[in-house]
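Enquirer: Please arrange chain B on chain A, whose structure you already have, making use of the hints.
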Amino acid sequence: KQEVTQIPAALSVPEGENLVLNCSFTDSAIYNLQWFRQDPGKGLTSLLLIQSSQREQTSGRLNASLDKSSGRSTLYIAASQPGDSATYLCAVRPNNFNKFYFGSGTKLNVKP
Amino acid sequence: DAGVIQSPRHEVTEMGQEVTLRCKPISGHDYLFWYRQTMMRGLELLIYFNNNVPIDDSGMPEDRFSAKMPNASFSTLKIQPSEPRDSAVYFCASSLALQGAVPYNEQFFGPGTRLTVL
Chain A
1 KQEVTQIPAA LSVPEGENLV LNCSFTDSAI YNLQWFRQDP GKGLTSLLLI
51 QSSQREQTSG RLNASLDKSS GRSTLYIAAS QPGDSATYLC AVRPNNFNKF
101 YFGSGTKLNV KP
Chain B
1 DAGVIQSPRH EVTEMGQEVT LRCKPISGHD YLFWYRQTMM RGLELLIYFN
51 NNVPIDDSGM PEDRFSAKMP NASFSTLKIQ PSEPRDSAVY FCASSLALQG
101 AVPYNEQFFG PGTRLTVL
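One line per chain: the protein sequences are A and B, in this order.
Per the working numbering, residue 1 is the first one in the first sequence, and the count goes up by one each step.
Per the working numbering, residue 1 is the first one in the second sequence, and the count goes up by one each step.
One chain only, chain A, in its complex shape (with noise of 0.2 Å):
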């Protein structure tokens, strides 16, 4: 079975610091591998999906790698902001089944 992890589980950064967060799989026969974040309270945001093909995706201040070899994804933010705090969360979908095992999520605090 695939097990997800994510370090550390809670992090806290001043404004405009750029940081990585971190996302291991045990099973690198992925499809793709999705970051999501959420907000207290609220539903799950995708962020970024990246495909098993595909070694990064960008969207705005945000990029993600995909390492299948390490099984290994960083989601890297830039000049990070105060409405970035939330909490993220990385998933991977194996090869041979539709459904995505989670990570636990790392709890971003960021400092204005």
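No false leads were mixed into what you were given.
Capping the alpha-carbon separation at 16 Å, the derived lysine to aspartate or glutamate pairs in EDC-like fashion look like this:
| id | chain 1 | residue 1 | chain 2 | residue 2 |
| --- | --- | --- | --- | --- |
| 1 | A | K99 | B | D57 |
| 2 | A | K111 | A | E17 |
| 3 | A | K107 | A | D84 |
| 4 | A | K99 | B | D56 |
| 5 | A | K1 | B | E44 |
| 6 | A | K1 | A | D27 |
| 7 | A | K68 | A | D27 |
| 8 | A | K99 | A | E3 |
| 9 | A | K99 | B | E106 |
| 10 | A | K1 | B | D56 |
| 11 | A | K99 | A | D27 |
| 12 | A | K99 | B | D30 |
| 13 | B | K78 | B | E62 |
| 14 | A | K99 | B | E44 |
| 15 | B | K68 | B | D57 |
| 16 | B | K78 | B | D57 |
| 17 | A | K111 | A | E15 |
| 18 | A | K68 | A | E56 |
No wet-lab data here; the hints were simulated from the structure.
Expert: Just chain B now, kept in the frame of chain A:
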């Protein structure tokens, strides 16, 4: 598109009562997922459908839980009878397998239903 729609947004009920959660997926999406989120266990997949057919219900915790998808625009998750340990946020999500001929499968989540069983 309005996105994935769930109702009710909040439900408070007493132990033993039947609870029905509803979901309308994004129009045209061919996959629908039901998840449960708790502090202790995080986000868990309960069941998913493809073209209205249940594909994998291995995450459904007990026979008290059942899900249906009578058509492409509506799904229900029912708990009967409900218990306090069912208290959680229940999410519905939908996705589209292909965009043209290109694999896609980006999941879009609804706002969730916060269920409290007293």
